[in-house]
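*Asks:* Sequence:
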Amino acid sequence: MAREGAAPATRILRLQAVALCEAEGHNFRDGFSQQWVLAETPHADLPGFSHVPLGRWHLHHGPALPVARAALPEAGLHVALMGQAVDGAGRFVTDAVLADHLARARDPSRLAEALSACGGRYAFVIVAPALARLYLDPSGCLGAVYEPRARLVGATLYMALDRPVEPNTDYPALDIAGPGAGGRFAFGHTPDRHVKRLMCNHFLDLGPFVAHRHWPAPDADFTCPLDRDAVEERIDRAVLRHRQVLGALTEAITPAMLPLTGGADARLLLAFCAPFLDRIDLAFVHRTNFNTMMDMRIAGELATRAGIALRRIDVVEETGLRTSKRFAARMNARQRIALGLLPGGPGEKKPEIEVRQALPPGGTVLRGNVTDLSKAVLWRRKGIAEFNRSRGRAHSTTIGVRMLMIGHDWAETDPWFRNAYAGWLGTLPEPARRRALDFASLEHFRTHGQGALFYATNRNFYGTPSADRAILEAFISLPPPIRDAFHVNDLMLERTMPELRDVPYTRRIDNEIRRTRPALDDMLAAARADGERL
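Residue numbers for the sequence shown follow the numbering used here, so the first one is 617 and each next one is one higher.
Hints are not guaranteed to be accurate.
Calculated cross-link-like contacts (lysine to aspartate or glutamate; reagent style EDC-like; alpha-carbon spacing at most 16 Å) [unchecked claim]:
1. K941 to E964
2. K966 to E933
3. K941 to D897
No lab work stands behind these hints: they were computed from the structure.
With these hints in hand, go ahead and build the complete structure from the sequences.
*Replies:* As structure tokens, then:
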């Protein structure tokens, strides 16, 4: 019993991430070097982590996670931004840039609005006397989960737990999603019944620990006039903002690395970088099996046409790049903890680990994961067919769940998933529901996928330059059928690096689509027969 008048015992935060690493003999500092936790105590048993006081909240973060911070102590206003971001004026966010935003806003709501206009992979927390909130980037690729009872927010599951996992038996696909055995979570679920994932476009109110949607705005219009000028205006907007974000990122980071493949997304990032290719420190392609041989050949052609050197990482032929089975097994075990997976699932394939080990440590790998909205990827044939039938005015929960690819064939007809999807759809403003599958790709696919995955690939920082609301508004407002037909991608290439336009793609279906599609003007004219906007 404490003596009368004695100070209360200091709470020292000890997380499951540390306990699991110690139990399995992993180095916590290395495995969680880009992760973080937000707590109400400044005291934490987190080896190698730094502490950032934010008023009544405290950010603890790993040594490889970039963090910018600023404060107005007299107003009790504190802000920290984790990750890499480029603001609406094209400035890479540093302490000084963050302080400038804070001085201009002097109001937490206005500051949140300004920082939400950033592009990149980031999250930020604002603490003020009457407000404390956490926001994510527009794709949720710097993810966050939260435990309301313990009042903890962490990068991944084990960073938000100060206790063992309580399995989430409420989620019907836990058997394959929890261990990472071919399934995925959605609707904010995690392997733990109490821990929730914060979905992008929502902020977490750190008072009651409740998430609220903040984007898109209720009156946002995601339709487009069916004429070429309107289409090209949106494409020009996306190109200019991409160049602004990539220009700031490649100027600020070293080394800046660009992976090339035979697909569409990396090709677009290469084209957007045309004015500053000299800032790309390393362009690379990898070969891990027979199928990626085509990627290597096409990437070589892209690099030749762009006039840049290409590093070929060939773990099939270059025996010196291979790691031991023991090393790969240990990396897999450590990464599974860092991802927040339950025991029992498969590990990453050894060649993929070897590719990452071949890259120089540090710097940023510029990924095109969010760029695929320009092709309406999540819509697929079923979604495009539904859109064409209804002109975007109707959307079935069956189609929506099917496009999420939960992992079980029965998911699309399961009442739990259909009800969950309907509930999520109801949170979108009515105008945005015409593009529901685009928002699903961000809030479920990206947030529940890359939101955790990128934390475990921590030899380098993984950047997402297309995660920017100005870019997303431009892409999402374009009619899905013309995006699906590669018209948007081809027009962007024509404006940026036209010499890349006629290089074939690895996927045969992509080449077939481009060969057989109707002309853009014909598609627009046919659509105009049923209305002026789509």
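*Asks:* Looking back at the numbered hints, which does the structure fail to meet, lowest number first?
*Replies:* Number 3 - this is the single hint that the structure violates.
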